[in-house]
Every structure is written in C-alpha cells, then in structure tokens.
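Protein chains in written order, with my numbering: chain A, 16 to 129; chain B, 70 to 185.
Hint data in this document are derived by calculation from the structure and do not stem from the laboratory. Beta carbons are placed, not taken as given, at the ideal position from N, Cα and C, and that holds for glycine. Each hint should be verified, as a subset may be incorrect.
Said to hold, decoys possible - Label-pair ranges, simulated between beta-carbon atoms: (1) B:T77 / A:P98: 25 to 33 Å; (2) A:E59 / B:N92: 16 to 24 Å; (3) B:N123 / A:R24: 33 to 41 Å; (4) A:T127 / B:N126: 31 to 39 Å.
Said to hold, decoys possible - Example chain A residues on the side facing chain B (calculated, C-beta under 10 Å, incomplete): (5) T17; (6) Q21; (7) A46; (8) Y48; (9) K56; (10) P57; (11) L60; (12) L105; (13) C106; (14) A118; (15) G123; (16) R125.
Here's the letter readout for the chains.
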Amino acid sequence: ETGVTQTPRHLVMGMTNKKSLKCEQHLGHNAMYWYKQSAKKPLELMFVYNFKEQTENNSVPSRFSPECPNSSHLFLHLHTLQPEDSALYLCASSQVGTGTTEAFFGQGTRLTVV
Amino acid sequence: DAKTTQPTSMDCAEGRAANLPCNHSTISGNEYVYWYRQIHSQGPQYIIHGLKNNETNEMASLIITEDRKSSTLILPHATLRDTAVYYCIVRPHPYAGGTSYGKLTFGQGTILTVHP
Numbered sequence: 016e017t018g019v020t021q022t023p024r025h026l027v028m029g030m031t032n033k034k035s036l037k038c039e040q041h042l043g044h045n046a047m048y049w050y051k052q053s054a055k056k057p058l059e060l061m062f063v064y065n066f067k068e069q070t071e072n073n074s075v076p077s078r079f080s081p082e083c084p085n086s087s088h089l090f091l092h093l094h095t096l097q098p099e100d101s102a103l104y105l106c107a108s109s110q111v112g113t114g115t116t117e118a119f120f121g122q123g124t125r126l127t128v129v
Numbered sequence: 070d071a072k073t074t075q076p077t078s079m080d081c082a083e084g085r086a087a088n089l090p091c092n093h094s095t096i097s098g099n100e101y102v103y104w105y106r107q108i109h110s111q112g113p114q115y116i117i118h119g120l121k122n123n124e125t126n127e128m129a130s131l132i133i134t135e136d137r138k139s140s141t142l143i144l145p146h147a148t149l150r151d152t153a154v155y156y157c158i159v160r161p162h163p164y165a166g167g168t169s170y171g172k173l174t175f176g177q178g179t180i181l182t183v184h185p
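Starting from the given sequences, assemble the full structure and let the hints guide the process.
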C-alpha cells in the first residue's frame, strides 16, 4: 500500500466507449501525475497537476482528458480510444516545495482497448 | 534532464549483494540521482536518492563517484522479491521549482533477476 489508490485495476473498453480512470492519494501531496506504460516501452509522463492546476501536457491526444477536482483526486477521462492506447496507466503523487520529495505510484490500471 | 545509461539486464544470486551501475556523464551541478524499481505490472517504487554523498537507507545504498558521472545502487542481500526493473533517473531537486516539479523521466532501466 503506497497511499495512492487507482481504480479500476483492469478495464476493457471498446473504441466507442467512454470510461474514466480514478486516482486518489491519501498522502497530503500537492502534485499529481498521469503516466502511460505501453508494452516494452519506458513509462511516459502524460500530465502534471500542481495545486490542482495542470502544469504540463506532454502532447497527449485529446481523447485523453484529465481532471483534478482537488489535490487528492485525479481522473483520466477516456473516449474514442484506439487499440494502441492499450497500456498500463499509472498515477503518482509527490510533494513539491517542502517535505518529502519522492513520488509515490499507484498500482496502475491495465487498460485494453478492443 | 541528464541522460542515464544502464545495463539492460543483470543476474544476482539470492543472499548476495546486487550492484547496479548507472552512467550519467552529463549530470549538472543541481541534479540529483534517483533510483526507483518496478516489480512486474506494479507501479514504480522509490528506493533512494542522492546529490554527491553516499546514501544508505533500509532498502539500499547509493554510491556516487566523486566526479558524479556515475553511481551504483547496492542491494546488500538480494532476495527473490528484489527481482524487478531498476531505474536510474537524474533530475533537478523538486525544490528548484519551475516546470520540473516532481516529474520523472524513465529510461529502459536494468532488469535484475535474483535467482535461488
């Protein structure tokens, strides 16, 4: 248990579906992140949120839509995905500015697009 | 962030020390060396970090060369549960502000296999 919880752990969706991934952190951190890990590839940073504000979008297609309603919750809304979007999606949180510096990751959501 | 180079894979016998090298010859003065590991299909786990002094915690030791161009992560008594991909990451301290914050740039890492 890392203090970062992701749901669901596994998700299968069709290309026309709309689904959302949820991430919740219980660590009091002020920054949250979405990463994508495709098969045989390194983790890729997708989005960065700091104090609920999006501070980075690494050229992610608009079919991925993040939402950060508060500093403890992060969502990734998915719509009209492609089979190549199948991957492990990881959420992380960290404290920036003061206190602990390392990032804590959730267990990830294994997404399969059919 | 500075680029790192790690061996693709390494083997280690259970109970022996695992020494994982990392080259970061272009590291700059304000960049730290971080190590994370990822056990199969789980999220990465922080191990240790350092600037220039050697560091030790309950999981591992980090040895950084005097010129800071390379480092070694040491797992003193490897167990089967240490089998994982180990990532060496170089980045500015999050206190540096700007857009780096706490983001991490992962490479391919080293696949460490601990065998009985």
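Tested hints:
{"no.": "1", "hint": "B:T77 / A:P98: 25 to 33 Å", "in the structure": "28 Å, holds"}
{"no.": "2", "hint": "A:E59 / B:N92: 16 to 24 Å", "in the structure": "22 Å, holds"}
{"no.": "3", "hint": "B:N123 / A:R24: 33 to 41 Å", "in the structure": "38 Å, holds"}
{"no.": "4", "hint": "A:T127 / B:N126: 31 to 39 Å", "in the structure": "37 Å, holds"}
{"no.": "5", "hint": "T17", "in the structure": "7 Å, holds"}
{"no.": "6", "hint": "Q21", "in the structure": "8 Å, holds"}
{"no.": "7", "hint": "A46", "in the structure": "5 Å, holds"}
{"no.": "8", "hint": "Y48", "in the structure": "6 Å, holds"}
{"no.": "9", "hint": "K56", "in the structure": "9 Å, holds"}
{"no.": "10", "hint": "P57", "in the structure": "4 Å, holds"}
{"no.": "11", "hint": "L60", "in the structure": "5 Å, holds"}
{"no.": "12", "hint": "L105", "in the structure": "5 Å, holds"}
{"no.": "13", "hint": "C106", "in the structure": "8 Å, holds"}
{"no.": "14", "hint": "A118", "in the structure": "5 Å, holds"}
{"no.": "15", "hint": "G123", "in the structure": "5 Å, holds"}
{"no.": "16", "hint": "R125", "in the structure": "7 Å, holds"}
Hint compliance for this structure: no hint is broken.
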